[in-house]
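*Asks:* Spelled out from the first residue to the last, the chains are:
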Amino acid sequence: MATTKQSGVTRRRMLGDLLRTACGVGLFGFGLGLYARRAASLPAHALRPPGALTEEAFDGACIRCGLCVRDCPYDMLYLGRVGEDIPTGTPYFIARQRACEMCEDIPCVAACPTDALDHRLTDIADARMGLAVLVDQETCIAFQGLRCEVCYQVCPIKDQAITLDRQHNERSGKHALFIPVVHSDRCTGCGKCEEVCILEEAAIKVLPQHLAKGELGGHYRLGWEEKARSGGPLVSPDPEHQYHLPEGMEYDHAGAGLIRKPDGAPPSPANPPDTLDRN
Amino acid sequence: MSIRKKPLSPETQGWFRAHKWLLARRLSQLGVLALFLAGPVTGVWLAKGNLSGGLILDVLPLTDPFLLLQSILSGGLPVVSGIIGALIVLAFYALVGGRVFCSWVCPINPVTDLAAWLRRRLDLRATSALSRRLRYWLLGLALLFPPLTGVMVWEYLNPVSMLHRGLIFGMGWAWTLILALFLFDLLVAKRGWCGHLCPMGAFYGLIGSGALVRVSAARRDQCNDCMDCFAVCPEPQVIKPALKGAAQGRGPVILDRHCTNCGRCIDVCSQDVFRFATRLHNRADSHSGIV
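Chains as they are written, first to last, in this note's numbering: chain A, 1 to 279; chain B, 1001 to 1291.
In silico contact screen, one side only, chain B against chain A (beta carbon under 7 Å); selected entries: (1) K1048; (2) G1049; (3) G1053; (4) S1071; (5) S1074; (6) G1082; (7) W1137.
If you want the footprint, here are the derived chain B segments under chain A, 3+ residues with CB under 8 Å: (8) 1060 to 1069; (9) 1145 to 1151; (10) 1155 to 1164.
Calculated from the structure, these hints are not laboratory results. Virtual Cβ for every residue (Gly too), placed ideally from N, Cα, C.
Only chain B is shown next, with the shape it has when bound in the complex (with noise of 0.2 Å):
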């Protein structure tokens, strides 16, 4: 079966429903920028700081507990609101999928969408052969370096942080990174920032390794094998244990903690296989599982 460089489900379904998931996620992204942009640019202070701090209208402080990690590795010592504002964001991810802090709300996500959609519209197909567990060996790295140098080594690169915090404090030169990614994911290796290299992703994944929202392959009998939900899917590899795993016994909850719980199969898939669900509905022979 061969990959189409379109899906069919905007014909079978209009456009709008097609999308649906797509539209949703890119207001929220948009959404926490202005949050925290309202300020800086209106005089409305909604939000203070940026994603790796901030204080949301003065009383709710969210901290990222992945910078907040790095930073007590090197021996700084968080104060009160710090370590509530970890652990408020640390719930919700484990709650909703920790990778939806991936797919929602980083703002690199929709520089690398926009990169993998240029490549199935040009029919890019080169890639270079990364594992995609390297992710994991730079997650170690990053965790490495503070107790090893007392420095933050890691935020001298991370475009994740870099973008949000260039976008709201001043960029700088941090937008020659961003094009450079951009580029790596257009020209060198298909999904390869997001679902091979970065480390923050991988340390989301594994908050949301138990999350109770998954994605559901709750129809996948009437899956006609039109693999569009694999051509759109950025980490591919999670669909298949479900979509495929009847005979197997397995249930139709895509478990895998690299699902970014992005919806773009359900927007895809032109025969409603796919929907959200909570992880609970996976009973091998369920066809519920309907949130």
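Isolated chain A, as found in the complex (with noise of 0.2 Å):
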């Protein structure tokens, strides 16, 4: 400690003293900051609770107290550990391992003393904790043509987070696909679909939102819907859709495609170029 002496030697020590001190703690801060920047960074395979706010808020909200995890009636949720790749002391889920189970009374949430969980979430359906996404189609024995739907059946928003998609079977030519589709304005992220997922290793996965979900520019517009919110069309007039087609035939669009007319001429004229000869 610098004495009261008057002597410009004191105060000089002092301030060196001071610059020092403040330099080395510098050093020292800019280098902690350095780590928690990386430290602070969820992985893709981690998901936090229902309500978790946008992961850099919830890493700042969240005092790591785990209440959450002890309020979970299914013991799904975890601190992460140090050492482990997920932010010490935050809770988390792995789909894989243990999903949501999307309890009504949402007690994770309640249980939160800061507002790192959004206390606004009451309905559990509008959680997103994530968005499954069908991430490996090749092997999803759906695309085989095999009936499996496993998870279209354990969907707790069934038939409207994943519905079936029928499509053809290309290969047996007499059978139908039923392939899982994922609709991002249901899917809440439970996890479900990941959980019970047959294959060795899940074709669908839970992926954080900004992973999985693309956006459209702002800018963007779809025609056909800025069509139907005004009523009519925008660029007047809107000209029929004019095709040159042979003679006798009519074209069905969006139904039968090419069809013959009832009293038309025959599909194949005596002289098939005399059809082009029209005006």
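Work from the hints to combine the two standalone chains into their complex.
*Replies:* As structure tokens, this is what we get:
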């Protein structure tokens, strides 16, 4: 400690000490900050409990108390441990090991002493823990024409978050493929589909929203939607589409396709090039 | 006056009397840990969570104000239970002494106490000259990070919350940090962590700046300058103004906020100089102040 002596040397030493400390602490802080930046990133296979803020806001708000972990009736939440690639002390779950059961009273959110888990979340169907993506169509057996549909059956928002899209089975020529399709406006990211996927490595995975979800440019307009919204064509006049078809034929758009008029000429005239000689 | 390896009081007063506050503290530390461990180990949920935030008997919320402050500074909003929990904790430590957390609750305390005990026993005197004000620099750093980065940066290093959480929720590699801390205290700097660096201790010290419960050198006229209290005290600089301040007209109560109210000085004094008292009994000529 500097004495109260009015000597310039003492003041100089004090100032020097202060600067030295500031530099040391600053350097230490710089290193710690860099480390924390890396340590604070959540890997894609780990999901946050329902109601979690965006990852950046969550890391700042969560006080790492583990009350959400304790109040989960299914014990599927964990706190990140030192050395794991999960931000230390923060809650997460691994969908493939144990998915969120989507309790109606959302006890994990109720237990949170901060708003790291957003207390405005009152309907668990509004949770967005991630988004299910059928990441591998080559191994999903629905694409082989086999009836699996386990992800579809187990989905808690059944027939809405995952629907089955019927497609023609090219291989057999006479069967249908029942393709699971995820709808992002209903999927909560609970991870049930990933947990139960029958493959060795799940073909459907829940990914963080920012990895799984695309976003159309804000300026983009879909013509048919705009037309429906305004109740009429936006470009006027809206000309009827003209087809140059062989004589005696008509075309049914989005229907049967090319069809012969009931009273039309035969599809193949005696001299086919004649059909081109029209005005 | 040289510092003894072992205090004299166990011989003059008997082992139990010379360790009563130490035993009480160890019981308190173990009790707090048992409270939180009872649930996961035996299924009897006395307390949920950990020291950062907990719920006692499903009704009483307790929140660490240091953690909550970092959360608020990084833009997080506390909810009612979190705020109430923090206010209860603040009120408690403001009354009994902020650093009561350090010596009676914190799980790091037994670790650094062990290092200090070994230092005395093995007569390890070499120590780095760290400033005891470094903790305020680190406190500033810990509180500056959240608003600047939005991340609770200190919690990636904080051994206090890490050890307690680790004991209850799973340790991972946190034990390496605790071991490093122990070796630092043992070999690099005497009372290095708790007495010089820990920003959490600095924070709790500030909370308890005006605490009612304090240690008083009530019978300071009996002091025989044996230095046992200085040897054992984690913050020895706090003793002198009270113990030796009679000539300057200072009262016998240790008012320095860095005093952890651990009571070790009471235990080791063979002359019964110290006792717990309130800060109100601090008249310079006072010999009372006895609780």
